[in-house]
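Chains as they are written, first to last, in my numbering: chain A, 5 to 446; chain B, 3 to 212.
Source of the hints: derived by calculation from the structure; they are not laboratory data.
Beta carbons: idealized from backbone N, C-alpha and C, even for Gly.
There may be inaccurate statements among the hints.
Derived DEER-like restraints, expressed as beta-carbon distance ranges [unchecked claim]:
{"hint": "1", "chain 1": "B", "residue 1": "K48", "chain 2": "A", "residue 2": "A140", "range": "50 to 56 Å"}
{"hint": "2", "chain 1": "B", "residue 1": "R131", "chain 2": "A", "residue 2": "L249", "range": "33 to 39 Å"}
{"hint": "3", "chain 1": "A", "residue 1": "L249", "chain 2": "B", "residue 2": "A120", "range": "33 to 39 Å"}
{"hint": "4", "chain 1": "A", "residue 1": "E444", "chain 2": "B", "residue 2": "K48", "range": "56 to 62 Å"}
{"hint": "5", "chain 1": "A", "residue 1": "V295", "chain 2": "B", "residue 2": "R71", "range": "40 to 46 Å"}
If we take Cβ atoms under 10 Å as the criterion, some of the chain B residues that face chain A in the derived model are [stated by the list, open to error]:
{"hint": "6", "residue": "L23"}
{"hint": "7", "residue": "L27"}
{"hint": "8", "residue": "T85"}
The following residues of chain A were derived to be distant from chain B, with all beta-carbon distances above 10 Å [as the list claims (entries may be wrong)]:
{"hint": "9", "residue": "R261"}
{"hint": "10", "residue": "N300"}
{"hint": "11", "residue": "L309"}
{"hint": "12", "residue": "T425"}
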Amino acid sequence: MSDDRPIADLTKYGIPGIDQVPFGIHVCHFYRAQEDLVEALVPYFAAGLGNNENCVWVTPLSTDRAAAALGKALVGVDAMLDKGQMRIVDAKSWHASANGMDEHAVAQFWLHEEKTALAKGYQGLRSAVDTSSLFADDWDTLMGYEGAVSDAIRDRRILMLCSYDTQRCQATGVLEAVRTHQHTLERRDVNWEMDSLVREEALRTMRARLEYATQLATLAELSAAIAHEVNQPLAAVAANAAACLRWLSDTPPNLERARLTAERIVRDANSASDVVNRVRALFKHSTVATVPLNVNEVIEEVRQLMLDEASGGNVRIETDLEPDLPRTLADRVQMQQVIVNLVRNGIEAMDSTRDLLKLLSIRSRRDGSNVRVDVCDRGSGLRDPENVFKPFFTTKKTGMGMGLAICRSIIEAHRGRLWATQNEGWGTTFCFTLPILSNELQ
Amino acid sequence: MMSTDHLVFIVDDDDRVREALQELLAATGLCSVPLGSATEYIAYPKPDVPSCVILDVELPDINGLDLQRQLGDRYHPPIIFVTGHGDIPSSVRAMKAGALDFLTKPFSDQELLRLVHAALAQDRERRARQADLDRLNQRFQTLTPREREVLPLVVSGLLNKQAAAHLGISEVTLQIHRANVMRKMEADSLADLVRMAGSLDIPAAHSRHA
């Protein structure tokens, strides 16, 4: 938190664990149950009212319930409600009145409220807003508002605390909320913490959760497919074994039929173990689940995913994607893995370069009967570009040296090529090609 | 066509499963026909013997549940569904549409055989009922229009005199019609005729006190 403001600009925040804060901050906070929301916001407003601030609470709770919660915590709330020092607004009517407003208008609204509050002799404007569930289908609009408010209230005598119900937010929505606010409140046992470190931490956790969710989806699909493939021969084995036992217990035993069914048991058990071998092969990337795929879409997804990692290393990612790029037959997840790997390598390669412009460019274009993707960094370069594809080759302190080897086997399983070349100036370009879908070859 | 007193249809796209099920049924003395798709099953001529179907839900041409829906209200032998992965919504759907049971592969042989026997018994009983009804219908077809008018009046319990008055004929003529109805319907007694009328959905036309 910036500490170059005059002391007079600080005010008591009221949230347990956080002492004084400067005016002009826009904070987001996540809760799971309405009780948590009340528990956090009541002391927040109590502190504001105690400091003679004008308070606005936009809440999904009924206004009666919110007023009762405040009344329990401090005396004289009714009088403050009557004279308008404390205002409680129902989130639904708030959402309705904001309908159609642009970002600028929303920001101006809060600045106007501040001016009015100061003119009435209040110390400032303190607000808490929770409309996230009402914007569930219109998240971009809400994020637009939040971004505009962040910019507008800097250096003003406004405190703004936005609450998000994590049960109703998508993981990506939470990430964006963290991005559009200046700070994130996070609960640690009884107390709360708020600083930029917390924000990084939250982002990291969110990203890990996102990745985990993606993996889970593919694993779930995979295990359903495996279960089906294994269950067919297993069902046959079970039925044949039951038949075999019955032939044997006949009087006299029907040995010929028993032998036949026993042979089938052996055959089907083998085919079940073939399935298991095929699954192993899948993990070795020798079999792929391919679909017609526009590589540009995958590049764009990866760029979004890697934005934070890139800006953390002061790297700018540029894309130069050929419009109307023909599609190729590829496994989407594996393509993501390859491109993420190449981009991450590029970012890390520029880690040690100090003074140069850190730029990573991704280019796509048609190259004969192939689609070609170049990932170009301005790092220190490679002495022997072919070495990097060998398993267990690494120049990094951490890492297995398997990334590029796996990337190459994925691309080759797609009947493409992956190679690296030294750039004329600085750095390395990793290139891969994938054959164009046959019916898009003209 | 084989001549047996029952038949089990096995509809599954996996030939290993078809073969194994056929073997299991054969080992317990049951006759079966293995079929690889819903289309084959629909095209297969069905002999008039008690039967049932062991139907895989995941068929290549038509999903087993859709096949069940297509068969719709037309009478159909009992269906035992089997699936590689039993999900609750499809089992609920199948059971609501009248499936006998829903088994998840791999299933126990006792469970399957118990269901097959239950299904065949259910179909046998239904066929017997249907055969009775067919016979009654054939007899009913031999009645003259006047006899068909007399039948509901008689089974309503009207006296001969009342029934005759209702039709505007003499009591003697009515008695002749009534005797013909009893003979053609092969009814031993009035109670027997009332039961037959019930099976044929012929409503009692008149109350005795009307």
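### Query
Which hints from the list above does the structure break, by number from lowest to highest?
3, 4, 5 and 9
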